[in-house]
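Participant: Each chain, letter by letter, is given below.
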Amino acid sequence: MGRTLPSATQVFLQEEAAFARFRRALRRADQLALDDLFTSARQHLAAAQYASHALPFEVFLLSMLLEEHKEVMRLRERVEDILSRQK
Amino acid sequence: MITSIEPKAGSWILLVGPRSLNSTMLTAIARLGERCSLRVLDGGNRFNAYTVARAARGRRDILEHITVSRAFTCYQVLSLLESTPSTQAPFVVLDLLNTFYDESVQIGERKRLLRSCLAHLERLAVPSAPRGAEAAEGGLPRGGATRRPPRLVAGGVVSVHPPAVPSQAAIELLSLLQASAVDTFFAQPAASALEPMRLF
Chain W
364 MGRTLPSATQ VFLQEEAAFA RFRRALRRAD QLALDDLFTS ARQHLAAAQY
414 ASHALPFEVF LLSMLLEEHK EVMRLRERVE DILSRQK
Chain P
5 MITSIEPKAG SWILLVGPRS LNSTMLTAIA RLGERCSLRV LDGGNRFNAY
55 TVARAARGRR DILEHITVSR AFTCYQVLSL LESTPSTQAP FVVLDLLNTF
105 YDESVQIGER KRLLRSCLAH LERLAVPSAP RGAEAAEGGL PRGGATRRPP
155 RLVAGGVVSV HPPAVPSQAA IELLSLLQAS AVDTFFAQPA ASALEPMRLF
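Quick note, the sequences are listed as chains W and P, same order. Under the numbering used here, the first residue of the first sequence is numbered 364, with each subsequent residue one higher. Under the numbering used here, the first residue of the second sequence is numbered 5, with each subsequent residue one higher.
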């Protein structure tokens with residue numbers, strides 16, 4: 364007996380491969396940004412596997428959004444820190 | 005290219021094609037699931053729920069119409085078909101012959117099992133007499149759907165893929181299957197999209 368469903372990692376790699384042509388058409392700077400997004404989604408593969416969502420790409424997109432929001436929160440904290448020092 | 009499958013009441017049809025046929029079969033299963041309950045009997049571990057979920061656009065009501073059972077040996081295929089009751093829901097068998105290509109089982113034994121399977125396919129294709137309101141609604145849960153789908157009676161679709169290594173036994177099994185099917189369709193592999201030339 365084998366797996367009845369591909370693992371989250373396999374699905375992720377398939378999705379990444381499916382966007383290969385999209386990536387190729389992007390400018391170099393945009394390609395790097397896209398790679399960053401996929402790298403951020405890769406950090407949450409274990410959670411994506413646990414979620415067992417019917418549409419795993421939605422979970423990958425949410426993982427990307429999660430990392431982006433964490434970055435926004437980090438930057439906000441830094442801005443507030445700088446502003447508080449200036450006062 | 006196959007975009008939808010229409011089971012014929014009281015009979016089953018055979019689809020013979022390459023392994024790439026599987027993804028279109030799964031899309032067709034999702035389309036059929038929009039209209040009625042159906043049973044998927046997976047003989048070759050071909051049912052990818054993610055592909056079906058994507059084709060169904062993640063709609064739970066469609067996915068809940070689809071029941072999947074899997075078999076991993078030719079003995080399990082027969083056991084699965086034996087244990088599947090006749091209802092009004094149509095059935096789809098994915099890659100029926102996959103486990104029958106196993107050469108560790110004697111060809112005579114495989115043929116015997118396949119003949120028994122064919123008898124069960126005939127049984128499943130014939131819709132059983134409706135029992136109660138649920139049966140009259142084609143197996144839909146009561147109060148679950150606002151729009152009642154058109155009533156579909158049983159019938160089935162069986163898909164098979166040619167073996168990776170062609171053999172006389174495989175040809176015999178396939179011809180046995182073809183002889184029992186009402187219609188046989190041969191799907192050709194889709195021509196691959198032209199890749200743009202790489203500059204680097």
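These are calculated hints, taken from the structure and not from any lab test. Mixed in with the good hints, there may be bad ones.
Interface residues of chain W toward chain P, partial, derived using beta-carbon atoms under 10 Å [what the hints assert, rightly or not]: (1) 367; (2) 374; (3) 380; (4) 384; (5) 386; (6) 390; (7) 406; (8) 410; (9) 414; (10) 418; (11) 420; (12) 421; (13) 424.
Note that the coordinates shown come from a computational prediction; the quantities given were computed from them, not determined experimentally. C-beta atoms are modelled at their ideal positions from N, C-alpha and C, and glycine is treated no differently.
Participant: All hints, please: hold or fail.
Facilitator: Now for the hints, and whether the structure bears them out:
| no. | hint | in the structure |
| --- | --- | --- |
| 1 | 367 | holds, 6 Å |
| 2 | 374 | holds, 6 Å |
| 3 | 380 | violated, 14 Å |
| 4 | 384 | holds, 8 Å |
| 5 | 386 | violated, 14 Å |
| 6 | 390 | violated, 15 Å |
| 7 | 406 | violated, 21 Å |
| 8 | 410 | violated, 17 Å |
| 9 | 414 | violated, 13 Å |
| 10 | 418 | holds, 5 Å |
| 11 | 420 | holds, 8 Å |
| 12 | 421 | holds, 8 Å |
| 13 | 424 | violated, 13 Å |
In terms of the numbered hints stated before, the structure departs from hints 3, 5, 6, 7, 8, 9 and 13, listed from lowest to highest.
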